[in-house]
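Number of protein chains: 4
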Amino acid sequence: MSEPLWDALFGRTAAVEATDSRAWLKALCDVEAALAVACARTGLVEPADADAVAAACAKAATVDLHEIGDQAVAGGSPVIPLVAMLRDQAGSAAAAVHRGATSQDILDTAAMLVTHRALAAVIDASTEADGAAARLARTHRDHAMIGRTLLQPAVPTTFGAVAAGWGEGLDRSLRSLRTARSGVAAQLGGPAGTMAGWYPHGPAVRAAFAAELGLTDPGVVWHTERSRIAELAAALGSACGVFEKIATDIVLLAQAEIGEVSEAEPGGSSAMAHKRNPIAAVTARAGAMQAPGLVSTLVSAMAAELQRGAGPWHAEWPALTALLRTTGGAARRLADSLTGLRVDTEATARNLAAVADTGVGLDVGHAGDLVDHYLAGRAE
Amino acid sequence: MSEPLWDALFGRTAAVEATDSRAWLKALCDVEAALAVACARTGLVEPADADAVAAACAKAATVDLHEIGDQAVAGGSPVIPLVAMLRDQAGSAAAAVHRGATSQDILDTAAMLVTHRALAAVIDASTEADGAAARLARTHRDHAMIGRTLLQPAVPTTFGAVAAGWGEGLDRSLRSLRTARSGVAAQLGGPAGTMAGWYPHGPAVRAAFAAELGLTDPGVVWHTERSRIAELAAALGSACGVFEKIATDIVLLAQAEIGEVSEAEPGGSSAMAHKRNPIAAVTARAGAMQAPGLVSTLVSAMAAELQRGAGPWHAEWPALTALLRTTGGAARRLADSLTGLRVDTEATARNLAAVADTGVGLDVGHAGDLVDHYLAGRAE
Amino acid sequence: MSEPLWDALFGRTAAVEATDSRAWLKALCDVEAALAVACARTGLVEPADADAVAAACAKAATVDLHEIGDQAVAGGSPVIPLVAMLRDQAGSAAAAVHRGATSQDILDTAAMLVTHRALAAVIDASTEADGAAARLARTHRDHAMIGRTLLQPAVPTTFGAVAAGWGEGLDRSLRSLRTARSGVAAQLGGPAGTMAGWYPHGPAVRAAFAAELGLTDPGVVWHTERSRIAELAAALGSACGVFEKIATDIVLLAQAEIGEVSEAEPGGSSAMAHKRNPIAAVTARAGAMQAPGLVSTLVSAMAAELQRGAGPWHAEWPALTALLRTTGGAARRLADSLTGLRVDTEATARNLAAVADTGVGLDVGHAGDLVDHYLAGRAE
Amino acid sequence: MSEPLWDALFGRTAAVEATDSRAWLKALCDVEAALAVACARTGLVEPADADAVAAACAKAATVDLHEIGDQAVAGGSPVIPLVAMLRDQAGSAAAAVHRGATSQDILDTAAMLVTHRALAAVIDASTEADGAAARLARTHRDHAMIGRTLLQPAVPTTFGAVAAGWGEGLDRSLRSLRTARSGVAAQLGGPAGTMAGWYPHGPAVRAAFAAELGLTDPGVVWHTERSRIAELAAALGSACGVFEKIATDIVLLAQAEIGEVSEAEPGGSSAMAHKRNPIAAVTARAGAMQAPGLVSTLVSAMAAELQRGAGPWHAEWPALTALLRTTGGAARRLADSLTGLRVDTEATARNLAAVADTGVGLDVGHAGDLVDHYLAGRAE
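Those sequence lines, one after another, are chains Z, Y, G and B. Just so you know, the numbering used here puts the end of the first sequence at 380, numbered straight through with nothing missing. Just so you know, the numbering used here puts the end of the second sequence at 380, numbered straight through with nothing missing. Just so you know, the numbering used here puts the end of the third sequence at 380, numbered straight through with nothing missing. Just so you know, the numbering used here puts the end of the fourth sequence at 380, numbered straight through with nothing missing.
Quick caveat, the hints were computed from the structure, so don't treat them as lab data. There could be a bad hint or two in this list.
Copies of the same chain look alike in the list, so a pair counts if it fits in one copy or across any two.
[Claimed, not checked] Straight line, CA to CA, 25 angstroms or less: simulated SDA-like cross-link-like pairs of lysine to any residue: (1) LYS275 with VAL63; (2) LYS26 with SER2; (3) LYS59 with THR127; (4) LYS26 with ALA58; (5) LYS59 with ASP70; (6) LYS26 with ALA211; (7) LYS275 with THR179; (8) LYS26 with GLY368; (9) LYS275 with GLY361; (10) LYS59 with ARG22; (11) LYS275 with ARG350; (12) LYS26 with GLY268; (13) LYS26 with GLU212; (14) LYS275 with GLU346; (15) LYS275 with GLU128; (16) LYS275 with ASP88; (17) LYS275 with HIS143; (18) LYS275 with GLY75; (19) LYS26 with ALA61.
Chain Z on its own, in the form it takes in the complex (with noise of 0.2 angstroms):
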């Protein structure tokens, strides 16, 4: 884990565990690995090169660290000194390492297996979040509140209305990250992204290399046209922004003077026994809280040079892998609230008579009708 002190209590240990540095270090190894089958099937290498290659990368994924990143600052990149040492390792094999590769290819691959991993973490607990989100509208599918407009009393809800309304969010959510995920393209295109060193192989090596790491073949080169990164900001930025709406409602409802919810694990206090904070919905908070800013790095770092970018590019392994990690993270915290969180009906009652008797009407419409929409058509 990366930041011991803190992952657990944001929720991010899984997502830090698929792309701390000895993640992206496997994920750099597997890229070489499959780039040399991919030329072994077209004939560019000979298989037992290829091998002798995979064999390299293998134990490569496992070296000390520091190694290669004290190596990387020279050329600005962990791939070179990787390379080197792969084809030191790989014998008279050495000319099938990185064969007709430039390193961004192997690093854009890498971020995105990375990120296909990483991803998985944040569906998981989205789902969780999800399948949480649907209990509560099932179970409160005709339970009726008041519906609060500006954080005033407005006109009555229904407390499944309610849940079904962040169940929409979350669906939205899980449908766009999937399809991010299982859009995760691979980056092949040599050094000036002209495919020159597996022509006229290039598209063919480009196939398999992806089939080989479970990625998508993009058809194009990428190399600085990097709408897909932005894409995936997009989607992660946007989960995040649905896991805060429904983590601050479960602060606002929790607030003692409304008290309509509480979570099954508050938290205490170093100094005040009495307290009972809606902890794990303020920790989704905090974590889904630093995605807007991150987004809009990834979008500014668009802005690639020419045929490689000269900063933007390596701006974005950090803000990727931290968006990632956030978001990861807040989905996980979400969960933990939504899943176990108890409805008081007393006291939706009490606040829902309170409003009633300045004469609103209790008519809740089609609320019932949302929640069957909503649980009628969950992501699966």
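Following the hints, put chains Y, G and B in place on chain Z, whose structure we already have.
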């Protein structure tokens, strides 16, 4: 025009016209009229009353903007004085005005109508830019030039491949923007989002309402599930990233020491007669650079509290307006730059030769295939 | 007014007036006039010619904005057509127009003049808000209420201490804004920033120029050293953060279930007659929420290339304008909310008692001292 | 080190060491120890008990980080398990642990201690960069080169003036960073910010506490008045803007076709033997580009609710940590680039001559004075 000193310079004229106060007021009036019509379709309102409301709306769209604007302060929404005005004008049909709706239904739907209209300007200019990229790619399919990575000479590519890379980005943006535009949805939920005011015809009223306005029926109430807005923001932000990348490349290739491109109408200087600034690209960059911050604002604003946001919702209005404007402007200026961009074949040859002298090979691999791929797959 | 449907609602009227196209044109003209006067002071220009230039500037400030705006496109700057117009009008004094300057000298200085004027609106409204906070702190110095942490009841504080906390933030902002305003600097460097056109009188011309405009002499050329802009952005952004914190507190304390404060003129609804929305605070929040994204845009724009930015510089104009407006508007709406904020002593007593019943002590420690500290140290 | 594959590459090693989980735990322990000492100074705690607490703190600073981290989840704060551990270890002095404090007192003060320490790394590297800029300015005081505006040749300047411009930015940043560092303040308010637990000695305890830690006594409780954090963010963000500007200039001037500068140790490529990438500047840019988004996150987080933020506060921890790291890293890589930057006098002469041939004059005006101004006024 909203800022006559600046709008033309930033290419925003069309996008501003589609989003200015008058355009918003017209959209608000169109929405109120469509609601009355939709209610009439389901029998909730008399057809004659719907006609009277529509007539009042047409008239209200032309009133003095300050009159509505000044009265909008008290309730924090221009819908409140507008509804009062419409009821006053509708006479005996007053009860058919704003039937069952809440301010957010009208404002959200108007925002989507404004977005739908403004996106047309964005898409038009983007399409023009894409057409120019395609011409450049076709013309220069086999025109070799040096590729540059980290702003240093790398290995050869072709101008066609470079232009195809620009075009692939534009195409991808166009697809996103068109998908976004075709999915722009109406909003209809009533005060607490239960569609109580139209029960049991809520879904039918919403469908008719959306159809009347040429918008999508969302199937849900999204008062505080704002991923639709975040997705629009993402499509616009990503388009700006694509624009900025291309504009940056133009500015870089137009440097006198490189000299590979020039704009048809370079900008002069107030002080230097010899200046030939690629000013359309420069202002496209400046417009595109507004986007990341605005995207982050809109992602942040997703955290709308409970049944209507107490600030986050209102925060969307200026941010979405500004994002539509700046994206439309950047697209416009980029189209200006690309249309008529001149490529200096002597310069590309000279710069390529300088690198070839150092022993770099001249192989451009699949560069021509990249051009063909782009031209074959362009968004229509 | 720039957006008559929205500006009053967001409290931006005064800030928009100080930053609209006319205000910018007037500032540009004031700056050209000041330059001529400054050149005359050092003998570079004949006094009579400076007078002629000043007269031409006064006239140009009133021309049709579209005329300048449309001609600004070609060179990417309104200064180029303005200078042409001034030279035309100045007749025999034409050579005294724009003497030694570059467009950026004029635009940057005009931007600072606009900022200086708009900051007055921001500071006025902030001062009014601070005055209201001080009255609340004084009035409620010893008025106990429950403190709330993580939105859960904690231990007691006083309303006075809460208001003093608001006031300390406002005071700190006011100090920053006043310091920023008093440091707003002129710009004078000439085409490549060497002040060659005024040699050997460059520093003297710059000093006279700044003095003529009531701005600070920066001592340097800051064409591409933009920390001054970032510092302005930071002061405005931090002020918005302070405003948003206070407005959020008001919205939270005004919740019906808490009921400890209410606005003097709460907002109604287009659909719910009983609504009493704290609409001034809500719109203050919405305005303040625009700031973080705009601050990030202005920090990003610091990376101006070489001797004049090819996009980052131009990107400052809309972002700085928008930030001044939204900060001014948020300040205005917050002042509206705080002035006349009503505190419900029954509600604070009831909520405090509910917690006291759980055994929490009622000691408020140094709460009164916090009030006294704030009142004694307020910015004047 | 936190991310051994990346930290050296981005120059973050020192900044990460100052901000990693161990550094944070040590800071938390230092703060708890200082509180006991401060309480002892004012007689609230027995000196022997304070000694026992300090001993327990020294020991706790070395415990397994996962132990604290895992227990931090329940309450959303590492302070809660830390206090439990300290009370356990302090034996009969248990009551002297965390006397009167709330978690936020400890966490905020620890954050400021971590910031104070990390700023030393930022300032050291910035000072080194400034020294290098000064050497370049002095050496090249009268070395003419062409100025470039909008990336097009303009009129002459000198390399000295360009370097002085870089230096003025670095100097301004250094002043801001040093001012920020010297103002880093302790936090002490107790559960609801009334300092009730130390009454009537609150201000005295806070003063002793701050002095013990070498921090500033803020004079106020700033639990939810976060302009201090925004100001730190602004100083760091503005520094990054200065770094990015300089690094961008280096990357641009190092383009082969311009060739006016080169790094002492340019980076190679995994695929192209001839590459000489200005990799230190490139990675400095990448690091600096993280800042605008992080600044926006920290400005957004100012809106902490009532007496303790329910998410905004927690959101500061990862964002401030990331901002300190990336600023420290960008400063380090920029210093690497500037120290040993080589200026090619043939290239500057050649590029200048090419413009002079078009009839542009060679006058550099006050360029030398700009150098002298910078060298005379440098921050010490």
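* Honestly, which of those hints from before does the structure not fit? -> The structure conflicts with hints 1, 3, 7, 8 and 15, although it agrees with all the remaining ones.
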